[in-house]
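Undergrad: In case you want the letters, here they are:
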Amino acid sequence: MRCPSLARLAAIACSLAAVAAIAAPSADRDQVRERLQALLPGMSPADFALGSAAFDEGLRAQIEQNAGAASPVLEEGARIWKRKFRDGRSLASCFPNGGRRIAGAYPQFHPRLKLVMTLEMAINQCLKIHREALLETADPKTMGAVTAYLRSLSDGRRIAVRVPAGAQASFEQGRRFYFSRLGQRNFACASCHVQGAGKRYADAALSPAIGQATHWPVIRDGMAVSLQGQIRECLERMGAAPFPAGSEELNNLEYFLTYLSNGLAIKANAWRAPRAAP
Amino acid sequence: MRNLAALVLAAAAAALPAAAAPAPTGAELFARSDKGFCIACHQVPKGAGPATRSDLGPALEGRRMRELGRAALRAIVVDPMRANPGTVMPPYGRHRILDDAEIDRVVDYLDALP
Numbered sequence: 001m002r003c004p005s006l007a008r009l010a011a012i013a014c015s016l017a018a019v020a021a022i023a024a025p026s027a028d029r030d031q032v033r034e035r036l037q038a039l040l041p042g043m044s045p046a047d048f049a050l051g052s053a054a055f056d057e058g059l060r061a062q063i064e065q066n067a068g069a070a071s072p073v074l075e076e077g078a079r080i081w082k083r084k085f086r087d088g089r090s091l092a093s094c095f096p097n098g099g100r101r102i103a104g105a106y107p108q109f110h111p112r113l114k115l116v117m118t119l120e121m122a123i124n125q126c127l128k129i130h131r132e133a134l135l136e137t138a139d140p141k142t143m144g145a146v147t148a149y150l151r152s153l154s155d156g157r158r159i160a161v162r163v164p165a166g167a168q169a170s171f172e173q174g175r176r177f178y179f180s181r182l183g184q185r186n187f188a189c190a191s192c193h194v195q196g197a198g199k200r201y202a203d204a205a206l207s208p209a210i211g212q213a214t215h216w217p218v219i220r221d222g223m224a225v226s227l228q229g230q231i232r233e234c235l236e237r238m239g240a241a242p243f244p245a246g247s248e249e250l251n252n253l254e255y256f257l258t259y260l261s262n263g264l265a266i267k268a269n270a271w272r273a274p275r276a277a278p
Numbered sequence: 001m002r003n004l005a006a007l008v009l010a011a012a013a014a015a016l017p018a019a020a021a022p023a024p025t026g027a028e029l030f031a032r033s034d035k036g037f038c039i040a041c042h043q044v045p046k047g048a049g050p051a052t053r054s055d056l057g058p059a060l061e062g063r064r065m066r067e068l069g070r071a072a073l074r075a076i077v078v079d080p081m082r083a084n085p086g087t088v089m090p091p092y093g094r095h096r097i098l099d100d101a102e103i104d105r106v107v108d109y110l111d112a113l114p
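These protein sequence lines map, in sequence, to chains F and X.
Heads up, the first sequence is in my numbering, so the first residue is 1 and it goes up one at a time.
Heads up, the second sequence is in my numbering, so the first residue is 1 and it goes up one at a time.
Where hints are given, some of them may not hold.
[Unchecked claim] Some chain F residues near chain X, calculated using beta-carbon distances under 7 Å: (1) His110; (2) Arg112; (3) Gln184; (4) Ser191; (5) Lys199; (6) Arg200; (7) Asp203.
[Said to hold, decoys possible] Pulled from the structure, derived: some chain F residues nowhere near chain X, Cβ distances all over 12 Å: (8) Glu75; (9) Ser93; (10) Ile102.
Keep in mind that the hints were calculated from the coordinates and are not lab data.
From the three backbone atoms N, C-alpha and C, an ideal C-beta is built for every residue, glycine too.
Isolated chain F, as found in the complex (with noise of 0.2 Å):
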């Protein structure tokens, strides 16, 4: 009778433990929009939705200014993504709904691989499995103008990334690189876009972290900059090595900024204006 029992409990507390190893993702995002909403108040998530632009009223009308600024990239994109493979194929048939609606459980915890895959990596998979030659992760003429595309056929739906219990240790070391201090300068990403959102840095307003991954990739000087490629751009500005693109790091990192933007709407392909000289 006491082993059923015990057995029992065990199976309780196993449960329990997995609850409570899923819910500090969330908890995690309760405290950075908490921080966000005391620092900024009157602006809700779906405010910091538009990033730098929710502060700053000059680039939102630059935004509509040149609404049509992604349309060759997103040609492009279309193109690489209806072409036909040797085998008949095409990437459009990798992925559930020809890819449409799906970009908001992007990046996704891959549990047999025991990783973070992102789009690109999927796009990659996808190219490897039909034996096709690779897209260049940090390529804007290819696989940024793919994604592009691909983030454009989930405009308007919710971020919905999921980060099941295997997930946690690469959640965590993305949330750790989020906070740490890293460079020359000293910064860690949320020095900007938690402790500094709504600020300016070189004369430019600071985004919040959340709803940094809604609106990838921008695109500046007619090419598409990813998520990464963002993230990138801002190290060299820590005066740290920029990890490369696809890395573990970023790929992490990635799939930590995205969770932060659950149940916000994707809007990819937003303008930026090009990026000044050093």
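Here the structure of chain F is known, so what remains is to put chain X in place on it, guided by the hints.
TA: Relative to chain F, chain X alone:
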């Protein structure tokens, strides 16, 4: 031997422009993105430097700088985290972003702000 002399002369001539280049002023160190780039976070009074809307750090004005005094100002530029562990200001001395002489010139500039 003649070739060696020519080589030495050429090397000396090549070294001359670098040696003759004037050291950046405190104001330049304050504004240059490859140096202090303090202007990225701080505004300064009109006429004392480029006008910006940057406000990640507090606006700087001469009266406050002189209240702090040169020693405290220098200590902040060298390592602001000693006085304020939560600050986002870079540790210009501790992380060797600026050398001692450059920090002195930045402090001169701050101390002389209107």
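Undergrad: Each of the hints needs a verdict: does it hold here or not?
TA: Status of each hint after checking the structure:
no.: 1; hint: His110; result: 35 Å, violated
no.: 2; hint: Arg112; result: 41 Å, violated
no.: 3; hint: Gln184; result: 5 Å, holds
no.: 4; hint: Ser191; result: 4 Å, holds
no.: 5; hint: Lys199; result: 5 Å, holds
no.: 6; hint: Arg200; result: 5 Å, holds
no.: 7; hint: Asp203; result: 5 Å, holds
no.: 8; hint: Glu75; result: 35 Å, holds
no.: 9; hint: Ser93; result: 47 Å, holds
no.: 10; hint: Ile102; result: 37 Å, holds
Checked against the numbered hints given earlier, the structure breaks hints 1 and 2 and satisfies all the rest.
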